[in-house]
Amino acid sequence: MVSAMPAMAAPAVSESRGVRGLLIGISVAFLSVFILAPLALIFATAFGHGILPYLRSFANPDTLSAIRLTLLAAAIAVPANLVFGVAAAWAIGKFEFVGKTLLISLIDLPFSVSPVVAGLTYVLIFGAQGLLGPWLSAHGVQIIFAIPGIVLVTIFVTVPFIARELLPLIAVQGNEEEEAALTLGANGWQTFLKVTLPNVKWALLYGVILCNARAMGEFGAVSVVSGHIRGLTDTMPLQIEVLYNDYQFVPAFALASLLALLALATLVVKSLVEWRAGNLQGENA
Amino acid sequence: MSIAVRGITKRFGGFTALESVDLDIPRGKLVALLGPSGSGKTTLLRIVAGLEIPDAGKVQFDGEDVGSRSVRERRVGFVFQHYALFRHMTVFENVAFGLRVRPRKLRPSAARIRERVGELLDLIQLQTQAERYPSQLSGGQRQRVALARALAVEPSVLLLDEPFGALDAKVRVELRRWLRQLHDEVGVTSVFVTHDQDEALEVADQVAVMNRGRIEQVGTPDEVYHRPATSFVYNFLGNVNLFHGRIDDGTTRIHEEETGHLVFVRPHALEIGRQPTGANHFRATIKHINAAGPFVKVETVTEWGATVHVEMAQERFRAMALRKGEQIFVTPRDVAVFSDERRSVSA
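Residue numbers (numbering that gives the first Met the number 0), protein chains in the order written: chain A, 0 to 284; chain B, 0 to 346.
Hints are not guaranteed to be accurate.
[Unchecked claim] What follows is a set of in silico ranges between Cβ atoms, one per label pair, in the way DEER data are often shown:
id: 1; chain 1: A; residue 1: G219; chain 2: B; residue 2: E130; range: 50 to 60 Å
id: 2; chain 1: B; residue 1: E130; chain 2: A; residue 2: I103; range: 38 to 48 Å
id: 3; chain 1: B; residue 1: A165; chain 2: A; residue 2: I103; range: 27 to 37 Å
id: 4; chain 1: A; residue 1: L105; chain 2: B; residue 2: V172; range: 49 to 59 Å
[Said to hold, decoys possible] Here are the simulated lysine to aspartate or glutamate pairs, EDC-like style, with alpha carbons at most 16 Å apart:
id: 5; chain 1: A; residue 1: K193; chain 2: B; residue 2: E92
id: 6; chain 1: A; residue 1: K93; chain 2: B; residue 2: E51
id: 7; chain 1: A; residue 1: K93; chain 2: A; residue 2: E178
id: 8; chain 1: A; residue 1: K269; chain 2: A; residue 2: D245
For the record, the hints were derived by calculation from the structure and aren't laboratory data. Here the structure is a predicted model, which is why all the values come from computation and not from measurement. We put the beta carbon where it would ideally sit given N, CA and C, even for glycine.
Working from the sequences, and respecting the hints, build out all of it.
The following block contains the structure:
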């Protein structure tokens, strides 16, 4: 319908062309300078001497070991947080219990604590002079400056990702479909697998992706507990630092390009997930 | 299967949802739990299903206590108010769910499941929608899928929570007639919860009227409508005018002041005349006339300032040529008297 009064025809929330252009310009400029340019620089430096030096960077045994260690830490931290995240989101979303608010705050804690502080806490607990240190070393278990420590802090810093993604969704969906499944004769496990899980699968996938990206990219906390033993306890981010400090720019940036690719892949999957979830939402409307 | 509810009490924090409720649901009958929101009807239904645990009392199926049986062991078909269809499954998968989750030994073959689901989709007239998702269906279609899904497991009882609550007026009426037909075909003992008296009176064999966690009256629609046991039932089932009254020599007289007796008169049981008739008439002024619909609704105000609603036949209204602002006499033809709001003194 065309309004007789032009002033009424314009949407209430609308800015002039100039303001719109300015806002878009600021956003694009900011993102270009602070995000796009560094990203481009990583690849530019990594391939600065051609493709062969780039590929040769991965022949370094220390670099290969760092990649393996990072994959190992992520391979343990992500499933651990998957189980914990689903359990916690389920408990918080579906039940009422004492200490629920505390549990939610605890899940968020790794977001608010500096990773370095998190790493130091683990040193204070498991380190040689730490709380459990003497007992652990008496039994021949080394956690700090070893792989177990790296895995532990990785789990710590990635705790919130999956639980946080699932929580709002599970809380909104309520119990009705689960109750329906129970009245139809499904047991608890069938209900979870066939009803609850399919309903949250996209959020779950997104949570796993974020969790994985963080697990592989974590620097601060891992740096404190790793001890920087080359070829043994250096993860990818730590190895990048080592190479960079040795002025080996191409290998450093080549390794960094892998993490950057991981970030890009995460973005692509995230967009796919959101697009897919948006489609489903549209169908439900 | 028959259901017996004995002394069921349920509290949520400080709120008493059900207070020592007894109810018998005979085998093969369609029973309505009717009451305003917060009267405890849905809680009672969920307790029968095993979705809620009562604080006291027991539920018996065919005389057997089912308190220790879980939801899945009770074999009830439950239709949720908002259908609770599995949104990521097609109509076919939704209906097949109950058969697919059976333990391997009891699970029908894939071919048998297809056949059974096909029969049910025929029953609900949604054969062509088998591959659709719930979000692609209308409200009435979703409701029918929810029913088929509940019937697929051949439940011993069918429990429906406000089955038509979320539907448009027209679909509601169609669907409730269809439910009645379906019940007559399938014959499974069914209980449905509703706050709509028309729905309960039209569909059910028996109506249990609930109020504040108690059952006020159980009876056939005819009984609860024409012989309400309490003032609440009278009030809830249809429109009503409330007066104070006094009983002289067995006849009820309407009074201006409080008397301890409450007199209820349905709008269609009041007669409007230009001359006083009978001993029990009172004077009133016509405030508003609504002539749309099968009856003419006349809103009048008595001399003591109370609003009284009268319904009269179109023919009579036209013959009398009533006008707004006119002074008339109102005579009750049929009254119900309750003392202290609970017991009926005379009907």
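Going down the list of hints, with the structure as the test:
1. A:G219 / B:E130: 50 to 60 Å: holds (52 Å)
2. B:E130 / A:I103: 38 to 48 Å: holds (41 Å)
3. B:A165 / A:I103: 27 to 37 Å: holds (32 Å)
4. A:L105 / B:V172: 49 to 59 Å: holds (53 Å)
5. A:K193 / B:E92: Status holds; Cα separation ~11 Å.
6. A:K93 / B:E51: Answer holds: A:K93 to B:E51 is near 15 Å, not above 16 Å.
7. A:K93 / A:E178: Holds. A:K93 to A:E178 sits at ~12 Å (cutoff 16 Å).
8. A:K269 / A:D245: Answer violated: A:K269 to A:D245 is near 36 Å, above 16 Å.
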